[in-house]
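Kindly produce the complete structure, drawing on both the sequences and the hints.
Residue numbers (our numbering), protein chains in the order written: chain A, 1 to 290; chain B, 1 to 290; chain C, 1 to 380; chain D, 1 to 380.
Hints are not guaranteed to be accurate.
As the list claims (entries may be wrong) - Partial pick of chain B residues on the chain C-facing surface, computed with a CB cut under 7 Å:
id, residue
1, G99
2, P102
3, A112
4, K113
5, S154
6, Y159
7, V269
8, M278
9, M288
Said to hold, decoys possible - Pair ranges (Cβ atoms, derived):
id, chain 1, residue 1, chain 2, residue 2, range
10, A, S253, B, R7, 36 to 46 Å
11, B, D213, C, I96, 31 to 41 Å
12, C, T105, B, R7, 52 to 62 Å
13, C, Y272, B, D213, 52 to 62 Å
14, B, R217, D, E220, 41 to 51 Å
15, A, E275, D, S61, 48 to 58 Å
16, D, K227, C, F23, 33 to 43 Å
17, D, K356, A, K289, 57 to 67 Å
Stated by the list, open to error - Capping the alpha-carbon separation at 30 Å, the derived lysine-lysine pairs in DSSO-like fashion look like this:
id, chain 1, residue 1, chain 2, residue 2
18, C, K276, C, K219
19, C, K2, B, K107
20, D, K219, D, K175
21, C, K371, B, K285
22, A, K113, D, K178
23, C, K175, B, K113
24, D, K13, C, K175
25, D, K130, A, K267
26, A, K43, C, K98
27, C, K2, B, K243
28, D, K219, D, K13
29, D, K13, A, K167
30, A, K264, D, K276
31, B, K243, C, K227
32, A, K224, D, K356
33, A, K115, C, K37
34, D, K178, C, K178
35, B, K264, C, K138
36, A, K167, D, K178
37, B, K91, D, K13
38, C, K175, D, K178
Keep in mind the hints are simulated off the structure, nothing from the lab.
Don't be surprised by glycine CBs; every beta carbon is placed ideally from N, CA and C.
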Amino acid sequence: MTILLNRENRVVVQGITGRQGSFHTKLMLEYGTKVLAGVTPGKGGIYVEGLPVYDTVAEAKDLHNVDTSIIFVPAIAAYDAVMESINEGIKLIVVITEGIPPNDTMKFVCSAKEKGSIIIGPNCPGIISPGEAKVGIMPGFVYKKGPIGIVSRSGTLTYEIAWELTKAGIGQSTVIGIGGDPIVGLTFTDALRLFEKDDETEAIVLIGEIGGDAEERVAQIIGKEIKKKIVAYVAGRTAPEGKRMGHAGAIISAGSGTAMSKIKAFKDVGVEVAERPMDIPELVKKVMKK
Amino acid sequence: MTILLNRENRVVVQGITGRQGSFHTKLMLEYGTKVLAGVTPGKGGIYVEGLPVYDTVAEAKDLHNVDTSIIFVPAIAAYDAVMESINEGIKLIVVITEGIPPNDTMKFVCSAKEKGSIIIGPNCPGIISPGEAKVGIMPGFVYKKGPIGIVSRSGTLTYEIAWELTKAGIGQSTVIGIGGDPIVGLTFTDALRLFEKDDETEAIVLIGEIGGDAEERVAQIIGKEIKKKIVAYVAGRTAPEGKRMGHAGAIISAGSGTAMSKIKAFKDVGVEVAERPMDIPELVKKVMKK
Amino acid sequence: MKLFEYEAKEIMKSHGLPIPQGFIAKSVDEAVSIAEKIGLPVMLKAQVLVGGRGKAGGIKSASTLDEVASISKYLFSLKIKDENVESILIEKKLNIMKELFIAITIDRSERLPVMLASSMGGMDIEEIAKMHPELIVKLHIDPRIGILPFQARKVAQKIGLKERQIITFSDIAVKLYKIYEELDAELVESNPLAITNTGDLIIADARLNIIDDALFRHKEFQELALKRMPESTELERLAKSKGVRLVDLGGEIGVIGNGAGLTMATIDMLTYYGEKAACFLDIGGGASAEEFAKALTPLIEYPRVKAILINILGGITRCDEVARGIKKVYEELKFTKPLTVRLSGTNEEEGQRILKEIGINAFTSLDDAVKNVIKQVRGI
Amino acid sequence: MKLFEYEAKEIMKSHGLPIPQGFIAKSVDEAVSIAEKIGLPVMLKAQVLVGGRGKAGGIKSASTLDEVASISKYLFSLKIKDENVESILIEKKLNIMKELFIAITIDRSERLPVMLASSMGGMDIEEIAKMHPELIVKLHIDPRIGILPFQARKVAQKIGLKERQIITFSDIAVKLYKIYEELDAELVESNPLAITNTGDLIIADARLNIIDDALFRHKEFQELALKRMPESTELERLAKSKGVRLVDLGGEIGVIGNGAGLTMATIDMLTYYGEKAACFLDIGGGASAEEFAKALTPLIEYPRVKAILINILGGITRCDEVARGIKKVYEELKFTKPLTVRLSGTNEEEGQRILKEIGINAFTSLDDAVKNVIKQVRGI
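In structure tokens:
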């Protein structure tokens, strides 16, 4: 088993005619993902990468029974696109778009909760279940099937760590980038609960970063609800206060959201925290032996 | 049994310090209704008719465990007052206020549906279960306890008809004025479903008027879901098109919402329709014999 | 409250909606100079609030300035359903390929705002709704969230739009909804919403009605609304001048009741016995003697009203208050019109006693009262 | 983007919020004439964007015009946390009986807007949040519905308000939320929200920060935002002039990475080995050779940067593109600063080959690369 995504997911790409949308549609198809259709309002009728493009998600749902959506539309149109997927009953919605105003994100996160859709992102690399499918923009070659679940606020840093694991012979069940925005749909807590229930996942790597308190909050359920072993890494130990470190969410304000606070929270509940990304494979081996 | 209201309902009056609010609080108390508290923002701490006045419904709920609210606040504050009751978990909300913009009503009706509150009104006389309690502005003396349920879009016309029944020796289980606005909470359909399940109610008098299609819609379930006998009256047979007859909802537009259309809909499903209000007692006796 | 087409279009324009270039003319000279400015051919559209303007000849096109002059002269002389034409909207004539219909209004049954759209614009939409309901697409809207563009795109598809017109249509729908919501409109409509020869969508005609009950939070319309109250008949104007709202029903028996339903039922009773009411006048609940006196005055003054029927079921309204009001008018105006009073309910006896002082025997039964006033008016 | 106090107050005033009478002075003369106009005593408040203005002496009161002159002269000479005082807000001095705190911001954990309020206004609210969290009342808000007055009234009660102040407070809260929502604010705050000797509530101090990610729909702020980008250091200004966004970290090793997390991790690695990065520069995903060249330029030019570390994990970014960008700059600028490159992933071999042409041996291991750049900067 994997979590949220396997080879059965039927995917529609919202914003398929854009540069990013079409490029990653190609890569997702190459990876073996069941991408069945695309949506770009006003462009219905054309084809991209051999896939039919529609004006609405409703058509993609009616004609291809899609259950998963990946969103590449610009920030200005993202609220509408996500609400469209939620309202058409899409169950898994991956929002790649960066720069969505938090007020929009909070609204669609509320609506998704009510309608039972899961949102990954925004401003995220997506989700991959190696060997099964990828719905995202991550390079497929860094992953390999295996027993480690990864959940991360970062993009490339996750590729780096996944690749370190892969090179060390340790594969992954599912890898999720939850996104670098202050407000995201799926949280660390949600992801850990899913991994906990997943038979295939034996241990979890959690990659946090400065800003907010998502790491501190998830630490509260580790060792209680979450019995599986966890190795954590937190980026931004040397970030200064009040400066946005790339991600909209990666900012230390008024002394809260520091890497030290997060590392302490993890250590307090017995999580192994890596000093460097390359230390993670060893720590994973260590916790898996226990 | 009665529907929605009996002597156990614990009532708070929103807008109790106003002229209407205090006057009807007195009358409701005299009728025997368990009115326990009032709310007027900014006036917390005073007493009206011996009842404590609070700034918020939350206090009335905490201290008196109220489950029913009657609202007398001006139209401009009505949306807030209704939303307050809905959010504090008040189960029955009677909105007397006239002149609430329909956009406000539609919003609180949506929210009430989600949170499981029942709204009677707006722009209505309220609800009375004779001999038990009244939460409204109707004169108590025209009613008497008995087997007839009454539901009406009108105020005084309902008193008139109830009094005709009372004078003819026919009492009432519960009498509800659903309100004269285009958009109301509890509908004819809702009321009939409740009366259908009520053991004490043997027959139902339904008082409609021109405008909208509430009568036509309720006719669709009569004889199917609703097995109890019904006598109907429809006011406004001679009303001209395009003129608002007092109630905001009583207007024939583009040929729809006429009394004839409603009377036909009732007759088509076997409902006895009275020509004059004073004919109702005879018709009620007639249907109860069947 | 209804707005004129040009007022609706001004508001829509300020919300970024596509509107034909145009200006309002109050005289023939103005019409000609506007036409000169915006260029021929032009459309001349009589500005009235009643419907059926097209059929009544209130919309014409003109290709020369002479035509503009003669047509505008003609339009200013026109009376459309009793309404004078006081201004004409002069617009650049569009090159229309197809006409759509779009409206946002309230669906009373569903208790939600609804967007209606059709590919059969430019026609009487109520006619289409009756004959071909399948040609009207409905979209119900969560009033707390509003229309989302994707919902409007689905509607656009259903009325046969394609490609960029889907997006333009949804943009228009979202903006019209914004107007609907911000102004508490009862109806925002464009019929036709035209597709021009360049494939653009443009609001060729526009309607915008504001909900009277919401005017308290729209100061910008309050003054206008006072001026624009429906006052189509002499009796209604007379009543309004005295601060009384009534609906003229054309008959000879003036009817005052407390409560809308009861007053309607009273009027229906007159009809039942073959007579016609002069008016619908709901005095409302808890009226004072003064309010009652005020309400009576226009009926006493207006000659068509031959007799007056007052029907009061005293609940919150007290019968003695009503009686005092009647007595007050009676003594002040010394009117001689036949008056029938039905008084029943709270303080009934005291009310009856007061009326006796001025020689009126009030009824307690509505049926008896109705029969009596009919006798009076028939002079029996 | 942060607004100055006076800008925030102008916006709040236009939303009907109670603001002290005041005007902005750009010179001592202006300050005096404003004080004359509004009447003494007045408050003089240095307008800066950084916090801690009060502690830094940026807020003074004056009872005479001479004092206004001398104090404003002093304030204009002040530097508050490196920020020059370019304008002073002169306000009528309030007679304050009590100070409250109110703010609307985003609660990241709950993923909802939140209103914060406290009876302990006028103080460092973060301090109170730490020491006495029970003195801060929180109200989470459904972003689709907004704050309803009754919710704000409950908050008002919890911070000890009574009678009409409950209503005034809730009115203020509703209006502040409207600003929060309409302007996509990150923070709308009044600290203190003052209770005057007449019992009125007034916004004595105001903060309003707009979310950068939402500026695309707030044309009115876009120009201002461009001017007001944080650019506190020379390196940041230099980079900005070349269209590059970076964060100055004060060290000597310039770091460029692709992806925020990876770049942060790279910087953390330097720290791990006892060195300090000069900057955080995230080149993002899929950067072209041109973008890469552009990003490198400020680091090459800026003297404090002694060595440069580029860390690229090629996923969507192609290593050969990166290598071409490096080569381009190398050939055009002929720079001599030590450069360490880590290239790994998509088209890794081709990238390595291109770099070899200009004499750079790229690393595939991040650890090795980090160790190498440290050697370079230490001159070993």
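Tested hints:
1. Against a cut-off of 7 Å between C-beta atoms, the interface hint on B/G99 holds, since the closest Cβ of chain C lies about 5 Å away.
2. Contact between B/P102 and chain C, as hinted, is supported at the beta carbon level, the nearest pair being about 5 Å apart and thus within 7 Å.
3. A least Cβ separation of about 11 Å between B/A112 and chain C goes past the 7 Å threshold, and the interface hint is therefore violated.
4. Look at B/K113: its Cβ only gets to about 9 Å from chain C, farther than 7 Å, so that hint breaks.
5. The interface hint given for B/S154 holds, since its Cβ lies 3 Å from the closest Cβ of chain C, which is under the 7 Å cut-off.
6. The closest approach between the C-beta of B/Y159 and any C-beta of chain C is roughly 5 Å, which is under the 7 Å cut-off, so the hint is satisfied.
7. Annotation: B/V269 was flagged as interfacial toward chain C, and the flag is violated, the nearest CB pair being 18 Å apart, outside 7 Å.
8. Because the beta carbon of B/M278 sits about 5 Å from the nearest beta carbon in chain C, less than 7 Å, this interface hint is met.
9. Hint on B/M288 is violated. Least Cβ distance to chain C is approximately 23 Å, over the 7 Å limit.
10. With their beta carbons about 57 Å apart, A/S253 and B/R7 fall outside the hinted range of 36 to 46 Å.
11. The supplied range of 31 to 41 Å is met by B/D213 and C/I96, whose beta-carbon atoms lie about 35 Å from each other.
12. At roughly 43 Å, the beta carbons of C/T105 and B/R7 sit outside the given window of 52 to 62 Å.
13. Checked against the given bound of 52 to 62 Å, the beta carbons of C/Y272 and B/D213, roughly 24 Å apart, lie outside it.
14. In this structure, B/R217 and D/E220 meet the distance hint of 41 to 51 Å, their C-beta atoms being roughly 48 Å apart.
15. About 53 Å separates the C-beta atoms of A/E275 and D/S61, a value consistent with the hinted range of 48 to 58 Å.
16. Range check, D/K227 to C/F23: about 40 Å between beta-carbon atoms, so the 33 to 43 Å window is met.
17. For the hinted restraint 57 to 67 Å between D/K356 and A/K289, the CB-CB distance of approximately 42 Å leaves it violated.
18. Between C/K276 and C/K219, the direct Cα distance comes to roughly 39 Å. Violation of the 30 Å bound is thereby established for this hinted pair.
19. With a CA separation close to 24 Å, the supplied pair C/K2 and B/K107 stays within the 30 Å bound.
20. Only pairs whose Cα atoms come within 30 Å are accepted, and D/K219 paired with D/K175 is accepted, the gap being roughly 22 Å.
21. Taken as a hint, the C/K371 and B/K285 pair is honoured in the structure, with Cα atoms around 25 Å apart against an allowance of 30 Å.
22. The hinted pair formed by A/K113 and D/K178 meets the criterion: a straight-line CA distance of about 24 Å does not exceed 30 Å.
23. Distance hint between C/K175 and B/K113 is fulfilled; the C-alpha atoms sit about 28 Å from each other, no more than 30 Å.
24. Annotation: proposed proximity of D/K13 to C/K175 holds, straight-line Cα distance about 27 Å (limit 30 Å).
25. Between D/K130 and A/K267, the direct Cα distance comes to roughly 22 Å. Compliance with the 30 Å bound is thereby established for this hinted pair.
26. About 21 Å separates the Cα atoms of A/K43 and C/K98, which keeps this hinted pair within 30 Å; it holds.
27. A threshold of 30 Å between alpha carbons decides the hint, and for C/K2 with B/K243 the separation of about 13 Å falls inside it, so the pair holds.
28. Of the supplied pair hints, the one linking D/K219 and D/K13 holds, its CA atoms being roughly 20 Å apart against a limit of 30 Å.
29. A distance of roughly 61 Å separates the Cα atoms of D/K13 and A/K167; the hinted pair therefore is violated under the 30 Å criterion.
30. Restraint check for A/K264 and D/K276: the C-alpha separation of about 23 Å stays at or below 30 Å, so the hint holds.
31. Restraint check: the Cα-Cα separation between B/K243 and C/K227 comes to about 17 Å, which is no more than 30 Å; the hinted pair holds.
32. Restraint check for A/K224 and D/K356: not satisfied, since their Cα atoms lie roughly 53 Å apart, outside the 30 Å limit.
33. Restraint check: the Cα-Cα separation between A/K115 and C/K37 comes to about 55 Å, which exceeds 30 Å; the hinted pair is violated.
34. For the given pair, D/K178 sits about 16 Å from C/K178 by alpha-carbon distance, which is consistent with the 30 Å threshold.
35. A C-alpha spacing of about 26 Å is found between B/K264 and C/K138, which places the hinted pair at or below 30 Å, so the restraint holds.
36. Distance hint between A/K167 and D/K178 is unfulfilled; the C-alpha atoms sit about 53 Å from each other, more than 30 Å.
37. Among the hinted pairs, B/K91 with D/K13 is inconsistent with the structure: their alpha-carbon atoms are about 40 Å apart, more than 30 Å.
38. Proximity of C/K175 to D/K178 is assessed by CA-CA distance (about 20 Å); at most 30 Å being required, the pair is judged to hold.
The earlier numbered hints that this structure contradicts are 3, 4, 7, 9, 10, 12, 13, 17, 18, 29, 32, 33, 36 and 37.
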